Amino acid sequence: MKKEDTVKLISSDGFEFIVDKEAAMVSQTIRNMLTSPGSFAERQHGEVTFPEISTTILEKICQYFYWHLEFASGKDREFPIEPELTLELMMAANYLHT
Amino acid sequence: MDMYIRIKRDKTTYFIRCKPSDKILDIKEKLQELIDQPVNDQRLILPGTGEVLEDAKTLADQKIETDAVVALTLRKDDNEFEEVNIVRPNDFYQTRDAEGGNW
Chain A
473 MKKEDTVKLI SSDGFEFIVD KEAAMVSQTI RNMLTSPGSF AERQHGEVTF
523 PEISTTILEK ICQYFYWHLE FASGKDREFP IEPELTLELM MAANYLHT
Chain B
24 MDMYIRIKRD KTTYFIRCKP SDKILDIKEK LQELIDQPVN DQRLILPGTG
74 EVLEDAKTLA DQKIETDAVV ALTLRKDDNE FEEVNIVRPN DFYQTRDAEG
124 GNW
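First to last, the sequence lines map onto chains A and B. Numbering-wise (the numbering used here), the first sequence opens with residue 473 and increments by one. Numbering-wise (the numbering used here), the second sequence opens with residue 24 and increments by one.
Treat the hints with care, as some may be off.
Derived lysine to any residue pairs resembling SDA-like cross-links, with alpha carbons at most 25 Å apart [what the hints assert, rightly or not]:
#	chain 1	residue 1	chain 2	residue 2
1	A	Lys475	A	Val520
2	A	Lys474	B	Asn63
3	A	Lys493	B	Leu57
Since the hints were made in silico from the structure, they are not lab data. On a predicted model such as this, the values are computed, not experimentally measured, just so you know.
In isolation and in its complexed conformation, chain B is listed as follows (with noise of 0.2 Å):
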């Protein structure tokens, strides 16, 4: 195995196993065989920077890694793509979160 990207949306994580030279296509089809939806109704968007990641670039050309962490949004019933929306747990991280606003 190469690599596996953490795919994210709401409170759903999809592990999928890639090639640093899949596109971003490639990840999509192996995303609608999960989800059952079409490639043309998923957007996958780097969550630190909301880059949108285009269908013909590898993961390699956007610089991702394994255990990289992408969201996915999907088109909306008036044709326009929801807003990304990452659930995160609150367990550790709130605590560690707290800690920090208190120095």
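Bound-form chain A, shown alone (with noise of 0.2 Å):
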């Protein structure tokens, strides 16, 4: 595990969380910031701030980019939502295309 095949996922109140690329970029909105050319500072340092997902939405929605890829390689495990969660995951998923 090269820290070059990370990426740094920063939350509304500044936690941090260090997920592989091919995580990430489960979503389509990280995978457009991490490959398009040219000049998203998100590209050159690897790192992405979300001002707008607070960190146990952002959390749970690292914990899904894993879920899919187990469930990607054939393991079937239910992926758990609190309701409570509920409306602010369907939003950030929204905007992350996930």
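Once you've looked at the hints, go ahead and assemble the two chains, each given alone in its own frame, into the complex.
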């Protein structure tokens, strides 16, 4: 696991989640930020800040990325979502094209 | 992909892909790449019980499953390890705790 293969996702209150790029790219929005040529600062630093996503939601999203990879490799495990997170999670998922 | 664990210290969480047969030492070596701290200066602890995870044991030995949270502590300047310190976000969890207190 190389540092260059990871990306740091930062929540609205400054919590940091270090995930594999492959996992983060489950999100089409993050994929675009990390792969489009040109000047996205995100691409150079391997860091993306989400001022509008709270820590709990961002962690849930990261868990979802990995759940997605597990699922793609044939593991069938339920993805738990607490009811109180549902609305905010849907809004974040919509923004991230996830 | 077999599984992943969440390694937490302070306000940072590392998502680490791994296998049940990986030894704790393997996990520390993966972390070393990310945090520039040698394996000997890392200590991994189960946050629930406070149990220190031994290098030679595997994740399966320690009953660590996918999505588990493991605390990371680092050696301080005085050669001792720091205490477990995981900062919880105070968005959703706090409201839940507050509700619990009223019941």
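A quick look at each hint next to the structure:
1. Lys475/A with Val520/A: Judged against 25 Å, a Cα distance of about 15 Å means the pair holds.
2. Lys474/A with Asn63/B: holds (19 Å)
3. Lys493/A with Leu57/B: holds (13 Å)
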